[in-house]
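When the sequence shown is numbered by the numbering used here, its final residue is 504 and no position is left out of the sequence of numbers.
Worth flagging that the hints you see were computed from the coordinates, not collected in a lab. Among the hints, erroneous ones may be present.
[Unchecked claim] Derived pair list, reagent style DSSO-like, types lysine-lysine, alpha-carbon separation capped at 30 Å:
(1) Lys462 to Lys448
(2) Lys448 to Lys428
(3) Lys428 to Lys462
Note that the structure is predicted; figures quoted are calculated from it, not measured.
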Amino acid sequence: MRRALTSLGLLFAAAPLMAATTQPATAATGTVALRADGTLVVTFVNPKPGCYELPEFSLLSRVSLDNKTDADVVLHSGAGCKRGLLRAATRVRAGATRERTLTGTYSLSVRPGPLIVSAPAPRP
């Protein structure tokens, strides 16, 4: 009986720790617009976390990425949100705009930050 009560007590003591886990990521709120040489190429509305393939850019295209969401997005210099051969990924923070001169295949990933619920401090 004592062993059962000890196990039950440990279970209740661990309950606040389970509340401290991160919650699943949800869709970003807002839009991400991509322009090449002044022409709108693609717009993502309330994009979900994940990888998005972008159309191929012609030689030395002037690309503008306007992130009007509440999440960061990353412009990858390769397909499938993998690192490209010559250029590292470019992070575009929530609410920011970045301009780059690009050529070839690129992809975009949406990475909303996790919501962290803090657990109350354990009692002594």
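Quiz item: Okay, which hints does this one fail, numbers in order?
Solution: The structure conflicts with no hint, since it agrees with every one listed earlier.
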